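Chemist: Spelled out, the chains give:
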Amino acid sequence: MLLDIQDLHVHYGAIHALRGISFNVDGGEIVTLIGANGAGKSTVLRTISGLIRPTDGSMSYWIPPATGKADAAGRQVNLCSLPAHKLVDLGISQVPEGRRIFPNLTVMDNLELGAYLRHDKAEIKRDFEMVFELFPRLRERRSQAAGTLSGGEQQMLAMGRGLMSRPDLLLLDEPSMGLAPLLVKEIFQVIVRINRSGTAILLVEQNASMALAVANRAYVLETGSIALQGSAAELAKDSRVQAAYLGSA
Amino acid sequence: MTEAKATDGKRLARAAVTLGGLAAGYFLVVGLHSADILINDYYLQILIWVGINVIMGVSLNLINGFTGQFSLGHAGFMAIGAYVAASMTKLMGMPFALALLSGGIAAALGGLVVGIPTLRLAGDYLAIATLGFGEIIRVIILNLDVVGGPRGLPGIPARTTFLWVYVMAAATVVVVRNLIWSRQGRALVAIREDETAAETMGVDTTRNKIMAFVVGAFFAGVAGGLYAHKITFIDPSQFDFMKSIEALVIIVLGGLGSITGTVLAAFVVTFLPEILRAFADYRMIIYSLMLILMMLYRPRGLMGTAEFNFRQLGLANERPAPDTGGQATATGDGPPPVLETSRVSMDFGGLRAVSDFSMTLRQGELVGLIGPNGAGKTTVFNMITGLAEATSGRIHFMGEDITRRKPSEINDMGIARTFQNIRLFSNLSVLDNVRIAFRGERPYSMTEAVLRAGRYSDQEDQICRKSMEFLRLFGLEDRASEIAGKLPYGAQRRLEMARALATKPKLLLLDEPAAGMNPQETQELLELIRWIHERFDLTVLLIEHDMNLVMKLCQRIVVLDYGIVIADGSPAEIVKNRRVIEAYLGEEAV
Amino acid sequence: MSGGLDVSMVIQQLVNGLALGSVYALIALGYTMVYGIIRLINFAHGDIFMLGAYYGYFAITMFNIPFALALPLTMILAAMTGMAVERLAYKPLRQAPRIASLITAIGVSLLLQNLGLKFFEARPRPYPRIMNTVVWDLGGVVVSNVQLIMLALAVGLMVLISLIVYRTKIGKAMRAVSFDKDAARLMGIDADMVISVTFALGSALAAAGGMLVGFYYNRISPTMGTMYGLKAFVAAVVGGIGIVPGAMLGGLIMGVAEVFVIAFVSSMMKDAIAFAILIVILLFKPAGLLGRAVREKV
Numbered sequence: 000m001l002l003d004i005q006d007l008h009v010h011y012g013a014i015h016a017l018r019g020i021s022f023n024v025d026g027g028e029i030v031t032l033i034g035a036n037g038a039g040k041s042t043v044l045r046t047i048s049g050l051i052r053p054t055d056g057s058m059s060y061w062i063p064p065a066t067g068k069a070d071a072a073g074r075q076v077n078l079c080s081l082p083a084h085k086l087v088d089l090g091i092s093q094v095p096e097g098r099r100i101f102p103n104l105t106v107m108d109n110l111e112l113g114a115y116l117r118h119d120k121a122e123i124k125r126d127f128e129m130v131f132e133l134f135p136r137l138r139e140r141r142s143q144a145a146g147t148l149s150g151g152e153q154q155m156l157a158m159g160r161g162l163m164s165r166p167d168l169l170l171l172d173e174p175s176m177g178l179a180p181l182l183v184k185e186i187f188q189v190i191v192r193i194n195r196s197g198t199a200i201l202l203v204e205q206n207a208s209m210a211l212a213v214a215n216r217a218y219v220l221e222t223g224s225i226a227l228q229g230s231a232a233e234l235a236k237d238s239r240v241q242a243a244y245l246g247s248a
Numbered sequence: 000m001t002e003a004k005a006t007d008g009k010r011l012a013r014a015a016v017t018l019g020g021l022a023a024g025y026f027l028v029v030g031l032h033s034a035d036i037l038i039n040d041y042y043l044q045i046l047i048w049v050g051i052n053v054i055m056g057v058s059l060n061l062i063n064g065f066t067g068q069f070s071l072g073h074a075g076f077m078a079i080g081a082y083v084a085a086s087m088t089k090l091m092g093m094p095f096a097l098a099l100l101s102g103g104i105a106a107a108l109g110g111l112v113v114g115i116p117t118l119r120l121a122g123d124y125l126a127i128a129t130l131g132f133g134e135i136i137r138v139i140i141l142n143l144d145v146v147g148g149p150r151g152l153p154g155i156p157a158r159t160t161f162l163w164v165y166v167m168a169a170a171t172v173v174v175v176r177n178l179i180w181s182r183q184g185r186a187l188v189a190i191r192e193d194e195t196a197a198e199t200m201g202v203d204t205t206r207n208k209i210m211a212f213v214v215g216a217f218f219a220g221v222a223g224g225l226y227a228h229k230i231t232f233i234d235p236s237q238f239d240f241m242k243s244i245e246a247l248v249i250i251v252l253g254g255l256g257s258i259t260g261t262v263l264a265a266f267v268v269t270f271l272p273e274i275l276r277a278f279a280d281y282r283m284i285i286y287s288l289m290l291i292l293m294m295l296y297r298p299r300g301l302m303g304t305a306e307f308n309f310r311q312l313g314l315a316n317e318r319p320a321p322d323t324g325g326q327a328t329a330t331g332d333g334p335p336p337v338l339e340t341s342r343v344s345m346d347f348g349g350l351r352a353v354s355d356f357s358m359t360l361r362q363g364e365l366v367g368l369i370g371p372n373g374a375g376k377t378t379v380f381n382m383i384t385g386l387a388e389a390t391s392g393r394i395h396f397m398g399e400d401i402t403r404r405k406p407s408e409i410n411d412m413g414i415a416r417t418f419q420n421i422r423l424f425s426n427l428s429v430l431d432n433v434r435i436a437f438r439g440e441r442p443y444s445m446t447e448a449v450l451r452a453g454r455y456s457d458q459e460d461q462i463c464r465k466s467m468e469f470l471r472l473f474g475l476e477d478r479a480s481e482i483a484g485k486l487p488y489g490a491q492r493r494l495e496m497a498r499a500l501a502t503k504p505k506l507l508l509l510d511e512p513a514a515g516m517n518p519q520e521t522q523e524l525l526e527l528i529r530w531i532h533e534r535f536d537l538t539v540l541l542i543e544h545d546m547n548l549v550m551k552l553c554q555r556i557v558v559l560d561y562g563i564v565i566a567d568g569s570p571a572e573i574v575k576n577r578r579v580i581e582a583y584l585g586e587e588a589v
Numbered sequence: 000m001s002g003g004l005d006v007s008m009v010i011q012q013l014v015n016g017l018a019l020g021s022v023y024a025l026i027a028l029g030y031t032m033v034y035g036i037i038r039l040i041n042f043a044h045g046d047i048f049m050l051g052a053y054y055g056y057f058a059i060t061m062f063n064i065p066f067a068l069a070l071p072l073t074m075i076l077a078a079m080t081g082m083a084v085e086r087l088a089y090k091p092l093r094q095a096p097r098i099a100s101l102i103t104a105i106g107v108s109l110l111l112q113n114l115g116l117k118f119f120e121a122r123p124r125p126y127p128r129i130m131n132t133v134v135w136d137l138g139g140v141v142v143s144n145v146q147l148i149m150l151a152l153a154v155g156l157m158v159l160i161s162l163i164v165y166r167t168k169i170g171k172a173m174r175a176v177s178f179d180k181d182a183a184r185l186m187g188i189d190a191d192m193v194i195s196v197t198f199a200l201g202s203a204l205a206a207a208g209g210m211l212v213g214f215y216y217n218r219i220s221p222t223m224g225t226m227y228g229l230k231a232f233v234a235a236v237v238g239g240i241g242i243v244p245g246a247m248l249g250g251l252i253m254g255v256a257e258v259f260v261i262a263f264v265s266s267m268m269k270d271a272i273a274f275a276i277l278i279v280i281l282l283f284k285p286a287g288l289l290g291r292a293v294r295e296k297v
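Line order of the protein sequences matches chains S, A and E. Residue numbers for the first sequence follow numbering that gives the first Met the number 0, beginning at 0 and rising by one. Residue numbers for the second sequence follow numbering that gives the first Met the number 0, beginning at 0 and rising by one. Residue numbers for the third sequence follow numbering that gives the first Met the number 0, beginning at 0 and rising by one.
Worth flagging that the hints you see were computed from the coordinates, not collected in a lab. Watch out, some of these pointers could steer you wrong.
A short, non-exhaustive set of chain S residues, derived as facing chain A with CB atoms under 10 angstroms [unchecked claim]:
1. Gly34
2. Asn36
3. Gly56
4. Ser57
5. Ser149
6. Glu152
7. Met176
8. Gly177
9. Leu178
10. Ala179
11. Lys184
12. Ala243
Here are some, though not all, of the chain E residues that point toward chain S, as calculated from beta-carbon distances under 7 angstroms [stated by the list, open to error]:
13. Asp179
14. Pro285
15. Ala286
For clarity, every value in this text was computed on a predicted model and none was experimentally measured. The beta-carbon is built from N, C-alpha and C at its ideal position, and this holds for glycine as well.
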């Protein structure tokens, strides 16, 4: 198991945002968290990446043996007290909600920052190619300021930047948000391709039908707790999920 | 009738408590002083300085704390007041009251002169510009030989007594407080919370900001007059940047947006250095250390934005319960055009965001505007609502050209909007969000607000009642006193619509209202939009990515791509349109 | 002088103005970098500049350290002071309203100034002479070796800081943190460390400025930080706050303008010119000369 979350609680002041949720992600999987706005989906990701501190519960991460981090391989790490900037080094990368690219820097600069902790220049170069292959449009715009990209291109850049650290686990926060239907399809196709190359993905998504179509397993989050879980195919057929999240009532 | 009388009674009671309390405060201090209990001559002198600092603080809080305009030049206005008042008494032998008033008016004029150009700036840039003006005022005085230049102006008659300071400080507090709790005050707070949203709610932001600046400067000028006639010798170095900082420290320590906090902080800041006199050489070192520590431990000031108020005395005005009143609906004959845009274009530094956009909206239509990201949909909204000025082309609303109008004027004419990323006044209550949007036929004046006279009370009651009606219509009446930013997402979207409708629009622009909603919430939204469309006899233009919603809701759909209209027609036509499928929907459409 | 335009006089003032301007530019860099990264107007920066002047003074007079060594030593000490101020006074307020940090910065400024008044004495001190002044007369324009050294040092430091900001990894991290701190942390950037480095660099430059002022004007005092600081800050805004080349440009403009006003108008107006330029620039270029106005996205 790559990521194991047990009984996670988060408070914002007096608000109990996460009420003891447990879930896990295995190597090579796509796991999706779906749920309504304010259910706490983004809070889960922000807690994992250390931007928010949990009030209770455990979060552990196994560094897979196959990574280059030989001394750390196979080690279990407690994520609860780790600052955000330490996570990348473990092989976890987050693509935040709303893209959060660096608008005044060029596309290349943004991608380079994704590889901030790496020193293997030749490999970094190869990964630029990998990103440009996934997102050909970024290659055309490599020396353009990121802020001038369209919403869809910015999402691509954010994902490419997230991949530049060569993560074993990629956390994606609402990649379809605010995108036109055509682009959403494109982005989800790339998500599947990234996963096929061996990266596990935890996908938080509002667009439940798309998320369930690409994921292996899914969890439904309701007001800070997990209401349903199972294989994505099963949940897509579940009448409760259909009524509430797939709009086929 | 009886209810109205009871309300009137409470109103009188509150006025009586205010005046009585103020008078009691004065006689208490004077009594204690003459009996030499607690307050000796020395303390009475310090209380005079406290009063001057109260005026400085409260007047700056109106600008900084309530309107959110970061000013660092308050000492400049104080200097104007001090020099004008001192010149009048010393050089011209005018009476003190007239001198104080003239000082205030001169400072207010200064506020106008400074305000008009600088208020286009925002945030830190405004702060720096006001700092610059403050220094320039000082240097101008430094070069004025009539008032002594760098040598200063000695021998000013010592006219400032405790009574003068007390009355002026009380007047400042009452005026600012009454102003804040009025429609003008709500406009100021709206500007602080979200200037863009305030503009589209019909708040003339420039006028209101200048008003706050002028009123604030007036009282700073009065404080300057009192100061000059207390210290009896003034020179330009007394009104330097540190003096502005002193006023800023008072309001930050007291809590931005808290009048009572400011008064409290004025006491602390005035007495502290006096107490520290015992430490002689180390006085300023300890003072600055304490300032740092206070900020580290109470970064939101002593009071935050809280106030000590009448509710705590049980004299709060129980606002009358709202009754379900029918909204007057205007009936038009036939569907005349409401909005016409003709060849409207928008360039952003060489990039053409919208290109020759032409469309006509007829009365009562419900039209969807769709297109890929970056196609220019929101830019179209911004141009219609005046937030962005079209590079070329014309926009007509109800036959009038609105191309170059200000957002507040456009809203006044009857266009309201919501925003893609919800722009509520998130620190204000749900009720206040709607109240800001309400305007009466002949709204009460600022004088009426300050004196709480004339049409003030009736209109306030009416605004409150009408606002509650709106909240009820949107299922928000139980949440009226909650903080808007803490509402659940769906309720925030509803509140934003309620707020837009409270401005009584004829045309409503909705920017991605379903963004971030699940299918269930989207379904509810669909019904809500249909209902308000009918209920308020509106014309609606809607930007949305959720094709399901657009198809079900809209009678007509306009498709935008790269700033160009590529299709315009019924939903059925649009889904079959080749160009739309290529640009937007993708192969297996909807 | 024939009343009107005297070319050599104008050139002379230009030279003097550039010398003063280079000091403003050095101080302005610290303001601009700190503002860029944590959006704080660091009012204590002028006092770090003052401390730098005194560190250098004591290094040379009490410990007889040669100038070439005293300068880097002073810069290191000031960098440490700047980092300490950030850690103790600003870091705890990262989540607080910005105005609380601003007041804290004013508090730190007052504190440093009053500590200076107490421990360095209020009287202005003459700065130690580190070399004999050599003056060249180039056709009516007088240039001294002190001016040249000052300009060369200032320009050298500015080139160095530009290289750090635009060419190194830490520079890229600084820019990333200044745009979006959380996003930068997700890249593995230790934002707190980057902020510390920013304060260290800014403080070191200010300290160098402090020593150069002592060296050139031969006079330092514990309250010198206020006016120099304010004007350098104005310079940073005029150039476009948060923009490194902007601070340099702004500094030079301030220096030249001030010297010209003293020479051709009145020395009493010298403090007004900085602010007059500021207001004129802000009214026409609200984000400063090199700044780009950011449209709020609606």
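Chemist: Are the hints correct? Go through all of them and say.
Modeler: Verification of the supplied hints:
| no. | hint | verdict |
| --- | --- | --- |
| 1 | Gly34 | holds, 8 angstroms |
| 2 | Asn36 | holds, 4 angstroms |
| 3 | Gly56 | violated, 24 angstroms |
| 4 | Ser57 | violated, 29 angstroms |
| 5 | Ser149 | holds, 4 angstroms |
| 6 | Glu152 | holds, 8 angstroms |
| 7 | Met176 | holds, 7 angstroms |
| 8 | Gly177 | holds, 6 angstroms |
| 9 | Leu178 | holds, 6 angstroms |
| 10 | Ala179 | holds, 4 angstroms |
| 11 | Lys184 | holds, 6 angstroms |
| 12 | Ala243 | holds, 5 angstroms |
| 13 | Asp179 | holds, 5 angstroms |
| 14 | Pro285 | violated, 17 angstroms |
| 15 | Ala286 | violated, 13 angstroms |
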